[in-house]
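Q: Each chain, letter by letter, is given below.
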Amino acid sequence: DETPEKVTVIYGGSSWLGHYPAWVGIEKGLFQKHGLGVLFQNFYASSGRMGSLVAGDLDIASTGSISGIALMAAGSKGFMAFGTPDSYATVEGIIARENIKTIQDLKGKRIAAPFASSAHVLVLDILEQNGLDPEKDLTLLNLKVNEMPAAMHSGEIDACAAWTPHFNKLLKMPGHHLLVDDTEFSLYKKYKLGPGPDLLVVRKEFAQKYPKTSKAFVKGYFEAVDMLINEPEECAKVLMKLTNLSMEDQMEVLKDITWITGEEQRALMVDPGDFVAGMQQLAQFLVKHNQIDHAPAVKEWIAEDMVP
Amino acid sequence: MDPVNKDAKISIQKVSKIFYGKQKEEVVALQDLSLNVKDGEFLVIVGASGCGKTTLLNLVAGFDAPTQGQILLDEKPVTGITPECGMIFQQYALFPWKTVQENVEFGMKMKRMPRKDRKERADRFIDIVSLKGFEKSYPHHLSGGMKQRVSIARSLANDPKVMLLDEPFAALDAMTRQVLQEQLVRIYEKHRKTIIFITHSIDEALLLSSRIMVMTARPGRIAQEIVNDLPHPRNADVQLSTRYMELKRTIWDSVQAEVMKSMEVQAD
Amino acid sequence: MDPVNKDAKISIQKVSKIFYGKQKEEVVALQDLSLNVKDGEFLVIVGASGCGKTTLLNLVAGFDAPTQGQILLDEKPVTGITPECGMIFQQYALFPWKTVQENVEFGMKMKRMPRKDRKERADRFIDIVSLKGFEKSYPHHLSGGMKQRVSIARSLANDPKVMLLDEPFAALDAMTRQVLQEQLVRIYEKHRKTIIFITHSIDEALLLSSRIMVMTARPGRIAQEIVNDLPHPRNADVQLSTRYMELKRTIWDSVQAEVMKSMEVQAD
Amino acid sequence: MEINSRSKSFAISIASLVIFITVWELVCRLGFIEPLFLPPPSQILSRAVKMIENGQLISHTLASTRRVMVGFILSSMVAIPFGIFLGSSRFFMAVFDPLISLLRPLPSMSWIPLSLLWLGITETQKYSIVFMGSFAPSLLYIIEATKSIDPLLIRAAKNLGASKLDVMREVILPGSLPQIIAGLKVMLGIAWTCIISAELVAAREGLGFMIMNGKEYFQTDTVLLGMVMISITVMVIDVVFRKFERRLLPWTR
Amino acid sequence: MEINSRSKSFAISIASLVIFITVWELVCRLGFIEPLFLPPPSQILSRAVKMIENGQLISHTLASTRRVMVGFILSSMVAIPFGIFLGSSRFFMAVFDPLISLLRPLPSMSWIPLSLLWLGITETQKYSIVFMGSFAPSLLYIIEATKSIDPLLIRAAKNLGASKLDVMREVILPGSLPQIIAGLKVMLGIAWTCIISAELVAAREGLGFMIMNGKEYFQTDTVLLGMVMISITVMVIDVVFRKFERRLLPWTR
Ligand SMILES: Nc1ncnc2c1ncn2[C@@H]1O[C@H](COP(=O)(O)OP(=O)(O)OP(=O)(O)O)[C@@H](O)[C@H]1O
Ligand SMILES: Nc1ncnc2c1ncn2[C@@H]1O[C@H](COP(=O)(O)OP(=O)(O)OP(=O)(O)O)[C@@H](O)[C@H]1O
Ligand SMILES: [Mg+2]
Ligand SMILES: [Mg+2]
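These protein sequence lines map, in sequence, to chains Y, V, A, Z and R.
All letters in the first sequence, in the order written, are residues 1 to 308 by the numbering used here.
All letters in the second sequence, in the order written, are residues 1 to 268 by the numbering used here.
All letters in the third sequence, in the order written, are residues 1 to 268 by the numbering used here.
All letters in the fourth sequence, in the order written, are residues 1 to 253 by the numbering used here.
All letters in the fifth sequence, in the order written, are residues 1 to 253 by the numbering used here.
Each hint should be verified, as a subset may be incorrect.
Only pairs whose alpha carbons sit at most 25 Å apart, straight line, appear in this in silico SDA-like list of lysine to any residue [what the hints assert, rightly or not]:
hint, chain 1, residue 1, chain 2, residue 2
1, V, Lys-111, V, Arg-124
2, V, Lys-119, A, Gly-21
3, Y, Lys-219, Y, Val-276
4, R, Lys-50, Y, Ala-73
5, A, Lys-111, R, Ser-59
6, V, Lys-248, A, Val-238
7, V, Lys-9, V, Lys-76
8, R, Lys-243, Z, Leu-99
9, A, Lys-248, V, Lys-76
10, Y, Lys-288, Y, Tyr-188
11, A, Lys-136, R, Arg-242
12, Y, Lys-288, R, Leu-114
13, V, Lys-136, Z, Leu-99
14, A, Lys-161, A, Arg-249
15, V, Lys-132, A, Pro-219
16, R, Lys-164, Z, Ile-12
17, A, Lys-248, V, Gln-68
18, A, Lys-190, A, Arg-221
19, Y, Lys-107, R, Ser-59
20, V, Lys-38, V, Gln-68
21, V, Lys-116, Z, Leu-248
Since the hints were derived computationally from the structure, they do not count as laboratory data.
Predicted, not measured: the structure shown is a model, and the values here were computed from it.
Only chain Y is shown next, with the shape it has when bound in the complex:
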């Protein structure tokens, strides 16, 4: 008997591409097929979403892995990770004015990144690779992605690290060019892991109490991933409601994403668990850059039962 114990799941998301599968699953009735109603709760920031998850207001969410690692480091045992839906490396990066040709040119300039985000980590890593000190050699500013176009336009900053859709918008502005993207990230070179891969998480208590509901969700979810791979145009149509992008832009974004199917999850998350190893590296990286106090053992937070 596979009927779920509980028929509604509250999902925490935003308009970020990591939440496309959940949205498509809802809009296309894929969860419904498994007897589930999924409620999509909108959050701007990963941290708020994760806070709500452990506070018990959300059941399942997708999050940037930095938030996930930070929450692990804070010692919260209230949640578990069970998958990673996507890999993107070319919709996030550092965009600069034309006169900045190389990373070294960033010396003495003003660079913006949303602190505590994947883009922030990317900047820290790229600077380190090029022997620049973010405290001394340049000015690193905390700016939200959506504030960057105006700041670039007015000349407040010389470069910025952003992700889609603002990333695309910034690139299109005249006089701007891409300095580096996630493919230059040190861990990407080793593990094919961007600075902030998306992580699917579930509230631990929920997973334990409603194992069948959780399973049903995972099924519906990865069916949606398949649909995103196979019928991108169909999906783009419903996604426009979430992202407010035009059809054209929406398709553009979809092109740049590599979806990770249900079948691939086990290898990444459990055996041999490359993704988890990469996350562990990321955690150490964060410790090295004084972003978190100590690196948690990421493995302890993997809900192996739920990984498809």
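Guided by the hints, dock chains V, A, Z and R with the ligands onto chain Y, whose structure is given.
A: The following block gives chains V, A, Z and R with the ligands in isolation, referenced to the frame of chain Y:
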């Protein structure tokens, strides 16, 4: 003076009161003052402006603690404010947010008297001070004298055993004053109250008191005590008697001497 | 009465003042009152409590506008507050944030008098009201009578042509009062001021005035005007004269009748 | 005369407003300022018309207003009696003083992380942000107000037999009420600050959401419309307040 | 007696604080609350030690304090004279009333988009957020304070020859000063709210940044440490304020 006096309703024992200013300078308002007030006595205090009369009343009412000495009320030390000693304030102290009626009803309301009884009794006292028609007015719509009368009505309506009156009729015209003096005497006689009354009018003192105390210039002490033996009722005849003139002369001289002294004190 | 009077320093012409309460009920404080005050006159107003005396003074000082009629000062209508008419307030109106000295200096400071001259003059008037030693005290550290004296000194020091005094000596003892009365008369005679003076003491009225006006009960009108022809100086002899007694009697009766009336008015 | 001068004031106010808006419109129209930086009033108006038609404006406004009012009323209902109590008891003042000093300066923004952890993204969380953000300042304010009461009046009340509770209810409360009400007006502004912060995080409606969303899409007119809506809402509440004030404070004027 | 009761109050306050902290520590230690939700005081302390050692705590605190003080002092310096002026002139009150009503309720957060457009990512932008967020409430507050002055005193001053300006300087200013100072204390709290909002955007130092960054990394102890630092800073400023207050208001006590 005998510090423990069984008869005394109020016993003031070697009381001093010193105020400290901003720069720690002292103002000695009262010094070593002892005084007993018997139950049913009508004591009038006269003295120069600023000699410490209000201060003394404040101590008796428990608004302030003496710097030295103590005050007994019914043989128990006064440690806080007690409604037994009803005060009529020199500055009226009406509640600006209450109408005349509500001000007068205040004490009764505090005793949880039913609304209707309260209203009736308030009406009577508003009538006594001739303020009918102003029940619904707020204090800042009243003239100075009217405010003073509300304050009198408020205290009388509360029916305290001991009454402390600080220049209660100063802002009233001669005629209204006379009417209220008569009312006060009537209430005093009927309800056997103990009264301490401050005034600047020697005539008023002679008219009302059973005893008169003249205070010295600051620091306030007792300059003279006079038992007022004028016969009752103290009508026009009495006021033209030689005894009246004599007493008036004595008190006047005594106050004058103190005022002169206080001016000298200030002059150097 | 002649509405335009060339001689008049202050000319009050058919003035009425109505106050409106919360529920739009009217209090007619003054009704159709006309009065001329000549330059150099010392007019004393007496009348029942609440009859409109303070209201009248407020209109002359320009604090309030009459509901009907007009008031001329030196033949020009009074439209706002003017420092020419110095007021001594029934409620003292001292600035709580200023010391006695600063309060007394206030008017001079407004005239941009140099600090030194100001201080000297203030000292003189503080001396006149016998408050030496309290220059640095703040009003709430003073007794009622002391506050009143500060208020008197403040107004005198400002040397206004016209002085409006609202029961200025009510909170003072008889002796201090007498001293200040004498000072006021001295200043009045020396500096040829025009004075309107409110008091409840008929003795005081007779002692000071060149003319006395008795006001009716509310609504305030003129009940009686008496030219005070008592000889100067008005010493003890004068106060025992039959003319004095006669005048006192007349005024007393007149005020009494008005108070009675006001009580009747309130009774219904 | 009173009435006259009041309607005169009103006329002046209207005139001044009209002049202000006209100048603004002209400055924008004449191209001195880019509409991205400051759109003209007419553009804001047309945005308003659009958003009224699709019902968004009303629903955002109602959502925020509801949250502000619930949080604010709750906080006032606790702060007023508690403030009066503390203002009249030296002992309890001393007990609570350190806590209040700690809590008071904390901006509502700084409560968001904790409130999210404790309450999640519920409406209760929004109310609690408003509550926490306005409670401590209100309390401080009310305590200050109680100190402005003439001690003579407290003496008089006790002398007439008032108990401590009576003094609070009959003297300290009405005596400080004019100041308390003035303070609550300021607090209402603070409450709005709180809700805008709260709506930044995990909200799908409300004027805060609308402003932030407008900013996201470079719709400066939406941002300004949101700001104007806050002002208008507060003004409407102010008028209600003032009616209320006259009722509560009949002895003033 | 005065002195005695003051030191008694102080003792009570200290005791109450100690009890509060002990209870908090115990509740956390005994595992009633997860440290993620509320870390014990000892954990906050050890975070403080760490951040003092690497110098971050001091630099964040100084950065925010500087911003708050500059913005706040500027806004007070304009609001006090302007408020007293408006409070004593019916005409100008009427002229500015609609503008003030419009600006007053706007939370500092709502100024961020516009201020960024207008001033860019500069320290001036931070000051301007504090200024805009605290100016209008201060102004309202000061206008209310001027209304509490006994009109009799204004009459008396005019009667003694005071000009309009004199009345403002000699009567309205000192007469409303106790209330203004009480209000400024509340305003200082608002100024902190503003700076926390301002430091959300385009900042890399300041307590607001520290709290928000702590929140992003789920370091509840950093969040609480930031909050405690705000409280402590305000308390220190309060002590200075109080000294100042005694000087300015010698006539009260
Ligand atoms: N601001 C006001 N609003 C309403 N009524 C007022 C106001 N001021 C005075 N009145 C009323 O006007 C009448 C006259 O008051 P006024 O103060 O002139 O009396 P007064 O003659 O000075 O009395 P007193 O001798 O008691 O000072 C009173 O009935 C009073 O209630
Ligand atoms: N709160 C206070 N602080 C400092 N000094 C005070 C205080 N209250 C009274 N004084 C001083 O104490 C002295 C006596 O004042 P008190 O009010 O008792 O005089 P009084 O006899 O009632 O005078 P009056 O007849 O003028 O009302 C005065 O010199 C006054 O300055
Ligand atoms: Mg006295
Ligand atoms: Mg009067």
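Q: Tell me the numbers of any earlier hints that the structure contravenes, in ascending order.
A: 5, 9, 12, 13, 14, 17, 18
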